[in-house]
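A.B. asks: With chain A's structure known, arrange chain B on it following the hints.
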Amino acid sequence: MSATAAASPSRSPILRVEGLKTHFFTKAGVVRAVDDVSFEVAKGEVLGLVGESGSGKSMTGYSIMGLIDPPGRIVAGRIELAGRDLSRLSAEEMRRLRGNRVAMIFQDPMMTLNPVLRIDRQMIETILAHEKVGEQAARERSRAALARVGIPSPDERLNAYPHQFSGGMRQRVAIAIALLNDPDLIIADEPTTALDVTIQGQILYEMQKLTRETGAAMIWITHDLSVVAGLADRVCVMYAGRIVEQGTTWDVLTTPRHPYTQGLLDSVPSRSVRGARLKQIPGMTPSLLELGPGCPFRERCAFATAACEVLPPMRQHGSGTHAACCHHPLVHEPAVPA
Amino acid sequence: MSPTVAPTRAGEAARGAGGAPEVLLTLAAVSKKFVKSLDVAARLGNLLGAQVREEIVHAVDRVDLAIPAGEVVGLVGESGCGKSTLGRLAVGLLALTEGERFWRGHPLSGLPAADARRQQLKMQMIFQDPYASLNPRMRVVDIVGEAPVAHGLISPRQQVEYVGLQLNRVGLDPTLMRRFPHQFSGGQRARIGIARALAVKPEFLVCDESVAALDVSIQAQVLNLFMDLRSALNLTYLFISHDLGVVEHISDRVVIMYLGRVVESGPTPELFAAPNHPYTQALLHEVGKVEPKKRTFVPVKGEIPSPLDPPPGCHFHPRCPHAMAKCREDAPPLVTIAPGRQAACWLNAAT
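As you go down the protein sequences, you meet chains A and B in turn.
Using the numbering used here, the letters of the first sequence map in sequence onto residues 1 to 338.
Using the numbering used here, the letters of the second sequence map in sequence onto residues 1 to 351.
No wet-lab data here; the hints were simulated from the structure.
Think of the CB as a built atom: it goes at the ideal place given N, C-alpha and C, for glycine as much as any other residue.
One or more of the hints may lead you astray.
[To be verified] Dumping the calculated SDA-like pairs for lysine to any residue here, alpha-carbon to alpha-carbon at most 25 Å:
1. K326/B with I337/B
2. K301/B with R148/A
3. K21/A with R212/A
4. K301/B with L179/A
5. K21/A with S90/A
6. K301/B with K43/A
7. K301/B with R157/A
8. K301/B with S90/A
9. K301/B with F106/A
10. K301/B with E213/A
11. K201/B with R101/B
12. K132/A with S90/A
13. K43/A with E213/A
14. K301/B with S153/A
15. K21/A with E213/A
[Said to hold, decoys possible] What follows is a list of derived Cβ distance ranges for each label pair:
16. P282/A with T175/B: 13 to 21 Å
17. R62/B with H163/A: 30 to 38 Å
18. P318/B with G83/A: 44 to 52 Å
19. V273/A with G110/B: 40 to 48 Å
20. Q164/A with P318/B: 16 to 24 Å
21. A274/B with G83/A: 48 to 56 Å
Just chain A, with the same shape it has in the complex (with noise of 0.2 Å):
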């Protein structure tokens, strides 16, 4: 595990967050969706930030993109990108790093891209909102981008609309619309599940490429655990808006301390016998508006004692980055690696 071992936060991180509370004040109610979450991501590190819908990974990751809107608001909480609080700054401060310092890729690349303008249009924008370059180097920039990542002859499609790409090369172009400016920060939102496998398979061999030569740290917001695996250096798992277990992915993935993760894991179809019945978890995701004191899942989880209904707090296990937020950590024989 040399390629974890060199991406532990050891390095100093790029990306800080401290306690994040992002709540919705909804005619019912107040929803946590985001609470009391921390995390740090290096520099060159990918870390993928798993959970299922509505656990509060996506609302994390408008949360640094400073993407909330009312009635939702961060309440609480740092998110520091190189040393700056980014909760404190102004409108204008934030959008002068959007899309520059810190960019972000989302699921549907037909809802992110304008319909009615030219790639090349939309792409030089996004450079001279940010720089002052001629117009000519802004459209070579553009170009480079698009070769790089792996759109057959940029220069004509440049000229194209999106709507004359298809689902797999929509992305390509989102992208490189996102890498335009060398961010220090991606934020990936689900960006292949919309996507067909073999499709996937290219965009997540583009990605890997990319954080590799450019150095640039990236979030991986996904539900996929599959992905995950192969792809982040280190993993957080969310659940009902919180932070439940974080490590590095071998750590998580192979000795899960906390049993939503163990649950995750086990429903996992491929990794069962054939056939068999898979183990599930049941009941449930609980609604955030109901969501009491006490650990989340305690409601679902074969562990429960009355210890849970007080939360508990994020505890390390074995090597130091391993935390999980659980009274009744699962225990393993010590794993082999392969």
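C.D. replies: Structure of chain B alone, referenced to chain A:
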């Protein structure tokens, strides 16, 4: 090539030691073409010599498929490969352009209307989107109970009790039957869709991406339900999915489609252990395994071609690393390469 398929061990086991299981549904050389006919302007243009052609999509191109009783056949392919169309052809939601369907060996075309109606009940479909496939204005008691009443399986007075039994069977609380679909979560809605299909006592279910929209932990619950129901009710499934992990888990046989044609089929363990067709090999290579190993993603080259204008010869040749001159000219036939296994690739003819 014969549409009958050798039994798998699982199928034999399901029927005890009684030899080959009966083939429940057979699709023989079925095709489906979607034609976009010319509009007035195009026809006018043609009168003036513009030569505008009708656009024809061969969504399904002469596919043979045999589904043995009691087995789960997995149908895998990427978007636009025709797998959903084939599923709809199988249950009879779409009319065949060519070919014939057989139920236990008897042709399904030309049945008298009353027989066709009764026959249709034996085949049901479970759809992908548990939001779009349930009428938002109907209560669950009517969504699940309407069809059995309409077909005379139960009297209207028995409906509430009957629906209660159906809901119980799929793990839903019968006291919720007066609710509307929007009052349920995604997983519960998937269960309502299953209860609706099972309410008319079918023998054969087509599941079109029925777990694709669900979260992993809920997906596991629904997959377990499928397997429980299969053994409890002796059901046969055609399980359509793009998720190879799910298909590997639940299916006895796998059929791989690419651009309207079957490229490979075989018993699940053998096919996954040694895929024959280059496309199957590429697909299996992409299957994400939850093993924390830094892997280098090696992508298949190229895009999925438009089904409007598929490449000549073997549809996969522009993306195939082994493409030969012959692949560009002639489409390879689906031939038996091992007992129970078929593949359509010229590489098999070369050796």
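A.B. asks: Does each hint hold? Answer for all of them.
C.D. replies: Hint check results:
Under the criterion of a C-alpha separation no larger than 25 Å, the hint pairing K326/B with I337/B is consistent with the structure, at around 19 Å. The suggested pairing of K301/B with R148/A holds, with an alpha-carbon distance near 16 Å, which does not exceed 25 Å. With a C-alpha separation of about 32 Å, the suggested pairing of K21/A with R212/A is violated against the 25 Å cut-off. Proposed proximity of K301/B and L179/A is supported: the alpha carbons are some 23 Å apart, at most 25 Å.
Between the alpha carbons of K21/A and S90/A the distance comes to roughly 19 Å, so the proposed pair stays at or under 25 Å and holds. Note on K301/B and K43/A: the hinted pairing is violated, with a Cα-Cα distance of about 30 Å set against a maximum of 25 Å. A hinted pair counts as satisfied when its Cα atoms are at most 25 Å apart, and K301/B with R157/A qualifies at roughly 18 Å. Between K301/B and S90/A, the direct Cα distance comes to roughly 45 Å. Violation of the 25 Å bound is thereby established for this hinted pair.
A hinted pair counts as satisfied when its Cα atoms are at most 25 Å apart, and K301/B with F106/A qualifies at roughly 24 Å. Between K301/B and E213/A the alpha-carbon distance is near 21 Å, which keeps this suggested pair within the 25 Å criterion. This hinted pair checks out: K201/B and R101/B have alpha carbons roughly 21 Å apart, not beyond 25 Å. At most 25 Å may separate the alpha-carbon atoms for a hinted pair to count; K132/A and S90/A meet this at roughly 22 Å.
Distance hint between K43/A and E213/A is fulfilled; the C-alpha atoms sit about 12 Å from each other, no more than 25 Å. A threshold of 25 Å between alpha carbons decides the hint, and for K301/B with S153/A the separation of about 15 Å falls inside it, so the pair holds. Annotation: proposed proximity of K21/A to E213/A is violated, straight-line Cα distance about 33 Å (limit 25 Å). In this structure the hint that P282/A and T175/B lie 13 to 21 Å apart at CB holds, the actual value being about 19 Å.
The hinted range of 30 to 38 Å is satisfied by R62/B and H163/A, whose Cβ atoms lie roughly 32 Å apart. For P318/B and G83/A, the Cβ-Cβ distance of about 50 Å falls inside the hinted range of 44 to 52 Å, so the restraint holds. Remark: the range hint 40 to 48 Å for V273/A to G110/B is upheld by a beta-carbon distance near 45 Å. A hinted range of 16 to 24 Å holds for the C-beta pair Q164/A and P318/B, which are about 19 Å apart.
The given range of 48 to 56 Å is respected by A274/B and G83/A, whose C-beta atoms sit roughly 54 Å from each other.
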